[in-house]
Amino acid sequence: MTSSPVLILDGLSKSFGSVRAADAISLKLFRGEVLALLGENGAGKTTLMNMLFGHYMPDSGKIDIIDGSGHAKPLQLGNPQASIAAGIGMVHQHFTLAENLDALDNIMLGSESFLHLRRNKSQAIQKIQKIMNDSGLVAPMDIAVGRLTVGERQRVEILKALYQDVKILVLDEPTAVLTPQEADKLFENITAMTKNGLSVIFISHKLREVLAFSNRIAVLRHGRKVGEISSKEADERKIARLMVGEETKVFSKKELQVGETVLEVDNLTISGSSKRESLSNISLSVNKHEILGIAGISGNGQTVLANAISGLVKSSSGQIKIDGKNILINDPSNIIQAGAGRIPEDRHKDGIVGQMSVAENMIIEDLNNSKIQSRGLLNNEAIMRHCSDLSSKYDVRGPGPNASARLLSGGNIQKLILARVFEASPKLILANQPTRGLDMGAAADVANRLLEARQRGSGVILISEDLDEILSLSDRIMVIYDGKLRMAETHDRETLGLMMAGEAA
Amino acid sequence: MIEIFQILLSESFWAASLRIATPLIFGVLGALICEKSGVLNLGIEGIFVAGAMAGWMAVWLGAGLWGGVVVAAIAGGFFGLIHAILTVPLGLSQHVSGLGVTLFATSVSYFSYRTALPNVSSPPRIEPFRPLEIPILSELPFIGSVLFQQTALTWLALLMVGVVWYLMNRTGLGVAIKAVGDNPNSVDAQGLSVYGLRIGAIVAGSALMALGGAFLTMSAFDAFFFGMVNGRGWICIALVIFASWKPGKALLGALLFGAFDALQVRMQTEVGAKVPSQVFLAAPYILSIVALVIVARRAEYPRALLTPWFKGQR
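Protein chains in written order, with my numbering: chain A, 1 to 505; chain B, 506 to 819.
Looking at chain B on its own, in the form it has when it is part of the complex (with noise of 0.2 angstroms):
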């Protein structure tokens, strides 16, 4: 127990909490935008990969850290619109369009990963963002530690939540999506098209999600290895019930499984000669599901989820 304590009060835990949180808290909004919107995109996983792959590899053919993480939004965007011309107008299941999403982007990163750099056994390496060393502020005890030697990457995140806050409940923008997302026809029946709600919000929630695959090439590590997101897309899609589709909750969530995260590992060293270090790989997943099932009998779903729209027919 108290090397448990011991652990709490670290400030790399905490350090490292938020860390492990940030490619989830893209991840979240991303998906919870989508999802108000009406549709689930289980391309997710996929569209991490991308981001991973794509912000990479533009950096790493000689554009800017911050033109990297263009092109990872611009990328997820691509296949968040694949996804939703799939689901959208087309109206197929959302399901199978995003798993199918999530393989595709996969593959595609892979193969491009493969095309690019034929013959090489470990990555090359970028130059990722620095923690961004604040003057004074990071020179603070603890909180300095913890929150001022961030990378820029971790700021965008934090603020994309109050970014999303802001557009989903003080702007007219932020209405129409959530009414698309409870009953398409209140927007048809205003003359919005129902269309473009959903799909401009299923391509702006990828481009998010797919800051959160390039978090991690960019400034977590520095290159990019297959099978790096390992499910962190999927955890996004329990998160968002988890958050009740509200961007707070959802930085909560994100953070709360950062934290088990963070402590599964040290735990490991502390204790791991006693227990197999798989059941502490296991414990942030199994901590997941217990909180969702307290947590999700509860949720409200957006109403219209998963339902497909077509025009004329009521």
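Excised from the complex, chain A in its bound form (with noise of 0.2 angstroms):
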């Protein structure tokens, strides 16, 4: 690795009203290197990606951009096309891909006049066909991009960001939504990449992957950087103190004898319209004292198995007993009286009402709570005591009882749910991606309660895509994959891993 830098950004500061999510943050990166971005949610990763990549305007501070024959040139600021023409591209979390066109024309899509009235399609491919033989990812160009895999389409994003001949890439939680074998193929790749001079900068929540493929680390607290290591001299331990400040909790998982079964889904298929919205065949069970984790890749059924337990989808066939009693399946109030707390994939969606109160959503699956209501008419008084009561409890923090939900903060709106489940002593949770998108601390805290549950006897159904969530949590492990779902028998992240990916365990 040379040691010539490419990249200077020098005390870039952004505030949005009185918070100040960057704060003159200082950085450089290396010809050739694989730079880590780390931080929590809301440390100031995204404002930064965004300066650099011109999206936000930077209210002080300058980036340099330094060209092969060592020339410094101050980056025009806030200007995306002049983040392009300097060479940086990035790829977005989110993918920024047509899934009604191609991969070529996703690729080919701005890098062409629109008054060219014909398209140079052959010299594209060629010039795209030399970038995969060169870095090894390879992905079919000529199928629209929404029929292909996550995986693929994460290739076609980093193949047009390429295809610019971009010099630094930016990736935003690149592995997000891969599986570990997907991510470790990527991350060769991305070693290739550097080999030829590019330099990379990746976001990530994940540290083991940090640790293995990065050269250096950054790491980001509450919009200031707060530390800058190399790789080899750090371990998780270290990283976690510098991300939240502190040692993360360890979670205490006691030993205990499980109790009776919960929840028994029998043979339970559905056909749904496409093959992500079908089951088949499901089988599976819960017990008191018991976390059930299901592991797998988004789109392989969680969605519709979730639901279904839910009583929100109609199955073709098969049962579902909780303790021991058949429950009617397709209707939800059967499910919520027979003791199950849900805690929905999409918090904003389906676990609160945004444009009612925070005081009314801790309420709103209990309404026949005679301390809450007397003869229809609620008692308004015992409503705000009550939520009073379980925000300091679960510690939900936000503008107060009357201001609409949706204000919340997005770890705030899961606390707001655990507080309205776990206060209604539910024998059986169905927790579907609890902590996706909330930082270490707000993921920690939910964890803590799913245990806490746990040891008071609850039966957990702990869907997730996060294998570390499932392998730290779950006293049993089951696989979804395309929507069938098989026991793990052995707890590693390599079996697992190949499960998830549907190949054989």
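Each hint should be verified, as a subset may be incorrect.
What the hints assert, rightly or not - Here are the computed lysine to aspartate or glutamate pairs in the EDC-like style, where the Cα-Cα straight-line distance is at most 20 angstroms: (1) A/K28 x A/D10; (2) B/K751 x A/E99; (3) B/K816 x A/D59; (4) B/K816 x A/D172.
Claimed, not checked - A partial selection of chain B residues facing chain A, derived with a Cβ cut-off under 7 angstroms: (5) G677; (6) L678; (7) N688; (8) N690; (9) S691; (10) G696.
Think of the hints as simulated: they come from the structure by calculation, not from any bench.
Note that the coordinates shown come from a computational prediction; the quantities given were computed from them, not determined experimentally.
The beta-carbon is built from N, C-alpha and C at its ideal position, and this holds for glycine as well.
With the hints as a guide, bring both chains together as one complex.
Here is the structure:
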């Protein structure tokens, strides 16, 4: 690795209202290196990258690009075209691909003049072929992107950036949607590309891959750069401490004797309109004092499985029993009355009613409770008291009980839902992606609450894409792939990864 | 039954179908371009009126026929621009803005008509487009009278089908329009302007729609009447879905509707004594709905249709 810098960020600051999203951040990127950018949600990673890419105008500071001959040139700020022209490419966490177009069209988008009446596809294909050969990133070019797998789409996204002759590639949480094997392959490709002089910044939450594949690590916290270490000298504990400012809590999972069966799902089959909405012959059971982890890459039937257990979709065949009693499928109220609490996947859409107040959202599943209503009239005082009790118990922070729930941050919305679910002392808890998008602190809180519920005697189904979370919390692990559920005999990352990719286990 | 076959075999029926389809072809293509970019343009009905009025008025005031066509397109583009500004950078409801543009464009057209001609009971006539008689070809039996006796505007409409198809499928601009209607972030990430593409598509699409109106006053008839557009714009909105946003199918849909309409007129005279005429008047619309139900269930909408996009918000 040569040690000449290609990019120098100098004292970049950006405020949104009273929030300092980035506070005098300075950073250097060297030629051919992989720099990992770490930090909790809201630490300023995305703000920083958006300034680099010209989406945000910094309040102060400057960015220099150093060309091949060593001359530093200031980058025109707040102008995406200037950033693209300077050779900066960004692969967003949420893909910026048009799904109705094929990969080739997506890659060529914007690279040809609108005045040209003919397109030179063959020349483009040649160039892409060369990039594919150099980097090892391969994806079909002639199929509509909407029909590609997530992994293929990500490769298209990266090829799209490389096609623009980038010298600096920014990857925002590139492995969030990949299987461990796909992620490893991606990092192999990235390593291959840096050999040709490409410099890479990648943003991630996953400490393991950061340690394994980066040369240097920069950590942000509350908009400031709090540390910069070489990956060789770092370990998980050290980085985590930098990120949250303290040692992360280690989950205290006690050995517990499992109790009787709470939920039994027998040969459940659902024929949805598409593959990702179908299940075939699913059987599972959850016992008291037990967390059943369901691992899998998103889009393999998790959503429909959760909806089926919640009574939101109609099944073609099979039955669901709670406490040994048959539950009428396709009737959510039945399932709630039988003692199930649900933490839905899309907390903003299905977990709360955004327009209603925080207090109203707290009681919304418990309207028959005589504490909060009598003869159909709500007792406002009791509701407010209930809300402030739960808010302090579950640490829900926000603009107050009368404010619309949608004004809460994602972490606080999740705490509101946890408060509502756990206060009802459910026999069964169905948690679908409960920590997705939460920062480490909030995610740890959710995990501890789930362990607490297990301790208390609930049976918990934990559906998650985060393998580390599944591994650290679950008593038993099943893997969902292509609408089928399989029990994992051994709990190691390798086997689970293969099962998540649908390969033999 | 025999009457129907006689009608279907007659040259005049097919010629009429193509004539009735012409304004719809312009309208569907215009709506298609707007919707492909992600914006529904319910201003279409009013833009038809504006095109009909502006084109005719320009000719009546002394412009040439093609001058009138250009004026109509500019008028359509103007009202499209209003819709574009309201719905693209401001991100307002596309339904409300579109209906507003329809009311506004219709009223302005009627108003200018009345201001220019305060005291006439029947509108002054202009010399409309004449059928383009092509030597030899026009003499051909059947084909000759169906195809080669249409006016230049019908030919322009057919030409535009090819032009729009080529634009959408063979040029970088078309690819960008399709991309902005599917996922605006894809366009933004490549440093292209989402607003520019959408505004451009709406203005161009609206100009095309206005030609549909201009055909009515400058080719099908020779004067401007109140209420002459008569829901043709709304039909186009349905036809776009019927066509799955494809220019070739749009032509097919417009022709199909034209044929229904031509058929109902002839059926009225044939069996009108037995069945009330309103049944025939309603027939094309009912058949359109039936066709739509069959086709539209499988339609794949542009994913970003109706969704406003704001810079910096992901």
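Hint check results:
{"no.": "1", "hint": "A/K28 x A/D10", "in the structure": "holds (8 angstroms)"}
{"no.": "2", "hint": "B/K751 x A/E99", "in the structure": "holds (17 angstroms)"}
{"no.": "3", "hint": "B/K816 x A/D59", "in the structure": "holds (18 angstroms)"}
{"no.": "4", "hint": "B/K816 x A/D172", "in the structure": "holds (19 angstroms)"}
{"no.": "5", "hint": "G677", "in the structure": "holds (4 angstroms)"}
{"no.": "6", "hint": "L678", "in the structure": "holds (4 angstroms)"}
{"no.": "7", "hint": "N688", "in the structure": "holds (5 angstroms)"}
{"no.": "8", "hint": "N690", "in the structure": "holds (4 angstroms)"}
{"no.": "9", "hint": "S691", "in the structure": "holds (4 angstroms)"}
{"no.": "10", "hint": "G696", "in the structure": "holds (5 angstroms)"}
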